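Chemist: The chain contents come next:
Protein chains: 2
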Amino acid sequence: MTDRRADADKNHPNEFALTERIRRATARPVARVRVGIGDDAAVCESPQAPLLLCSDAMVEGTHFRLDWCRPEDLGHKALAACLSDIAAMRGRPLYALVSLALRPDLPADFIDRFYMGLETLAARLDVAVVGGDLARADHQVFVDIALAGAADAPATRSGARPGDLLLVSGTLGSARAGLVALEGAERNPPAELLDAHLRPEPRFDVARALDAPGLVTAMIDVSDGLAADVRRLARASACGFIIEETAIPIATAARDFASARGIDPLDWAWSGGEDYQLLVAVDPDAWSEQAAARPELKRLLTPVGRATAAEAGVQRVKSDGTREDAPDSGWDHFRR
Amino acid sequence: MTDRRADADKNHPNEFALTERIRRATARPVARVRVGIGDDAAVCESPQAPLLLCSDAMVEGTHFRLDWCRPEDLGHKALAACLSDIAAMRGRPLYALVSLALRPDLPADFIDRFYMGLETLAARLDVAVVGGDLARADHQVFVDIALAGAADAPATRSGARPGDLLLVSGTLGSARAGLVALEGAERNPPAELLDAHLRPEPRFDVARALDAPGLVTAMIDVSDGLAADVRRLARASACGFIIEETAIPIATAARDFASARGIDPLDWAWSGGEDYQLLVAVDPDAWSEQAAARPELKRLLTPVGRATAAEAGVQRVKSDGTREDAPDSGWDHFRR
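In the order they appear, the protein sequences are chains E and Z.
The first sequence lines up with residues 124 to 459 when you count with the numbering used here.
The second sequence lines up with residues 124 to 459 when you count with the numbering used here.
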């Protein structure tokens, strides 16, 4: 505005300039935001419904490698992973805070491309990026996204009862197949597998389709693999689950990709993680009624098992009909 | 609960166990939290007032060193820094999300001690820790705190007008003195200087004292030093500021500590950062009236200058009465 301010910008090239670039990249007007990026805190309209809050952190080397993913992909995935938690509560996302710690050796356009990927997804889902923080990290890039949302009738993990039907949305295993393709630097791996790993899509469509009262008893997103997440559901609901191996939906591309490498694709569906599908316990009568009336539900979701008494734990029925205690082999970053 | 669950815990020692430890460390019941740590997202009561959202990230090596601060101090400071932003909006903090990326070589009790420090401050200010994320980072510890709060009448950075009085709470420079003491591994440095650096206190007392209508026109917390933060205030309010050097309040311990080392303590107050005091523009008439009626205001806040027209930029009046353009030397992690 004045020469003096231009001087200030020259003296503080990075911090002011970066904040300004982020503000421009996320400047889409959202009526419910009164004060966005650039003050001590954002000032937003409070929802009329209960407030949902969650955050999701991703660390370079643990969750992603920058030689595998473009900055746009990282921006997309960091937000998508956090959004998936809001979807799993049957909520609507409203506001995002983005904290980013960057290595000084990253290319100058890293931050613009990161925010381009993030903002494209945010705009599509009507989420306002209202703040965050920027820091320097000499060794590893860190991203942490916090979301505020709202839910009139939140679907928690804790309401499943023995006898409930267990459903999973979409297919499992593709994200792990994509990761394997990237790790092995495969030539021309199926694009849908890379996309499944790099650009997951939070299943708000599924969550919305499940909004009939009395239908959902418990819900969780499958971020760490069926093995880990069905256990979380069991633990929170104080029940067990029995899962039919042959019923677990696996995408054809993932199945083919695994088989060609002598891998059982079921392992990827079971313990691969990062599919960001929804795992849902439903009241069996309500499901029969809803699924009969709305055929799209059967396209969106596949029954894979049932809730049982807690004492039974988590069991799998193998293709030959025998039962076994399910291997507990979900993804755990602290165990790698 | 059952043997099977105990087995699951043995197989997943870290993630389940860590989450459980965090849940226990922050399990203080808060009526407005319906679902806390342990689901996909927390479910909380929405405030009746506008929602404040902010986050603050701290990176090992950039913001802290673990040979200088105890895990308790880090937990305290990470939350305090973010709370300071809520104080600077004249808000009340409600809910915190804590994302933590940990090195695998940290002592086993690191996380418990971190949460002890954080939760002690959270409990004192009635903030509920409702969620977050845990990740592994091989090289640097990373903490990001996101806060949701509320403010009936948020104090932004953007309302200062030429003629407004500029005030600062408490004293400046002590946090930098504490950092210098830690960097120099000083023997027996004054405890108040170490505390200023390691355990800053968000100034909700000051923000509350300033709640008279029409009094505050703009407010910011001094996290990066007077130099950087007065510029932010100037930029957001489209005004300039003139600051009397001799009026800047510096604690005696910081003054003595600097002088003994041949350093001008004013430099620490000006550009040291991390004091987490409040820098406030007030209507001069409202201030005169309020300060006359409520003597505690003069104890909490010191007038250091005035807002001017934007063209004047940020100027300092030196002790000999001459004016100069203020050096723009606030803390910028990207410039180190």
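Careful, some of the hints might be misleading.
To spell it out: a stretch of chain E is covered by chain Z in this simulated footprint if at least three of its residues, at any positions, have a beta carbon under 8 Å from a beta carbon of chain Z; those stretches are [said to hold, decoys possible]:
(1) 171-184
(2) 260-271
Listed next, with one range per pair, are the computed distances between beta-carbon atoms [what the hints assert, rightly or not]:
(3) 418(Z) with 193(E): 33 to 39 Å
(4) 155(E) with 142(Z): 38 to 44 Å
(5) 243(E) with 262(Z): 37 to 43 Å
(6) 230(Z) with 438(E): 58 to 64 Å
To be clear about the criterion: a stretch of chain E counts as covered by chain Z if any three or more of its residues have a C-beta under 8 Å from a C-beta of chain Z, and this derived list gives those stretches [unchecked claim]:
(7) 192-204
(8) 209-220
(9) 278-291
(10) 323-329
For the record, the hints were derived by calculation from the structure and aren't laboratory data.
Just so it is clear, the structure is predicted and the values come from calculations on it, not from any experiment.
Yeah, the Cβ is synthetic: ideal placement off N, Cα and C, and Gly gets one too.
Chemist: Looking back at the numbered hints, which does the structure fail to meet, lowest number first?
Modeler: Hints 3, 4, 5, 6, 7 and 10 not satisfied by this model.
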